Amino acid sequence: MEKQFRLNLKRNKLKFSVTVTLKKDVLDPQGKVVQNTLVNMGMNNLKNIRQGKHFEIEVDENNETVAQKKVNEMCKKLLVNLIIEDYKINKI
Amino acid sequence: MKSSVIVFPGSNCDRDIAVALEKMQFKNKMVWHKETSLPKSDLIVIPGGFSYGDYLRSGAIAGKSLIIDEVVKAANSGCLILGICNGFQILTETGLLKGTLLRNKNLKFINRDVNIKVVNNNTKFSNKYKKDEILKINIAHNEGNYFTDTNHLEELNKEDLIAFKYCDEAGNINENSNPNGSIENIAGIYNQKKNILGMMPHPERMVDEIISNKDGVNLFSSLLN
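Top to bottom, those sequences are chains A and B. So the first sequence is numbered by my numbering: it starts at 5 and just counts up by one. So the second sequence is numbered by my numbering: it starts at 3 and just counts up by one.
Heads up, a few of these hints could be off.
Which bits of chain A does chain B cover? Going by a derived footprint, with three or more residues having C-beta under 8 Å, they are [said to hold, decoys possible]:
hint : region
1    : 38-44
2    : 82-95
Only some residues are given here: those of chain B computed to face chain A with a beta carbon under 8 Å [unchecked claim]:
hint : residue
3    : Ala62
4    : Lys66
5    : Gly101
6    : Thr102
7    : Leu104
8    : Arg105
9    : Lys110
10   : Arg114
11   : Phe149
12   : Asp151
13   : Leu155
Calculated from the structure, these hints are not laboratory results. Computed from a predicted model, the values in this text were never measured in an experiment. Glycine included, C-beta positions come from ideal geometry on N, C-alpha and C.
Sequences are here, hints too, so could you generate the full structure?
As structure tokens, then:
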């Protein structure tokens, strides 16, 4: 029975990644500093760097559309500040 | 006048504001964030500090705590709300104040006394100050760079919702007198009904000549007025 339970757990787990970055017109001072440092280190082809956040989220759900909807809700309600940040959800 | 100070794990200016309020004759109570009801209050203060270690974004986790629902209800029924520093960040995360506070432009934690100008002296929080009065108040923050969209910025200006702006000793408001990159040098704002004030500078640190100055006193005496 325990085996069956574990199997169910495995099947019900859907994993998503969420990437949060500052919107285009919001100044990203951390990204700028990282960029300047890389240029100083000789990485001359560097055009632009934006620093962001990355979340890996496991959802106990077997329907991908429902799970993705839940992750989207998490983003809107807590993970992302929509005034200044954009986000992308990917299934992993 | 009755006041309540909300305390989160990581709040560190809660005692300072309590001392300032009591010195100014407020009857103050401390309220732990897990409470689900507020004592009867004329003023609710959300103090400075690093609630939840600034995890996720400054103020984001505190903004979803149990007591915040009660603060929002109280705010909507006209109770006076003062958010200082992290308290300002929490108020923007709850949506009670629009806009947000970004990382300081120079990426440094800034702790020093700065000059701010009283932009609107016609509110419950500022009626004891003179218009354009220049105050010297301490700031201590890493995310104080106020940012908002153009529509809201227009509304702030049009409806006189800007409370304080960073300036120099002579009152000049420009890039040189802007410590953190804040849009239009904004140091504090009101909501539309002007019963909520969010500000990055710490008036509670400026109520005694022995340790600083008394430039913060009039904010509290305005509330009592």
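Going through the hints against the structure:
| no. | hint | in the structure |
| --- | --- | --- |
| 1 | 38-44 | violated (count 0) |
| 2 | 82-95 | holds (count 5) |
| 3 | Ala62 | holds (7 Å) |
| 4 | Lys66 | holds (6 Å) |
| 5 | Gly101 | holds (7 Å) |
| 6 | Thr102 | holds (5 Å) |
| 7 | Leu104 | holds (7 Å) |
| 8 | Arg105 | holds (6 Å) |
| 9 | Lys110 | violated (10 Å) |
| 10 | Arg114 | violated (19 Å) |
| 11 | Phe149 | holds (6 Å) |
| 12 | Asp151 | holds (7 Å) |
| 13 | Leu155 | violated (12 Å) |
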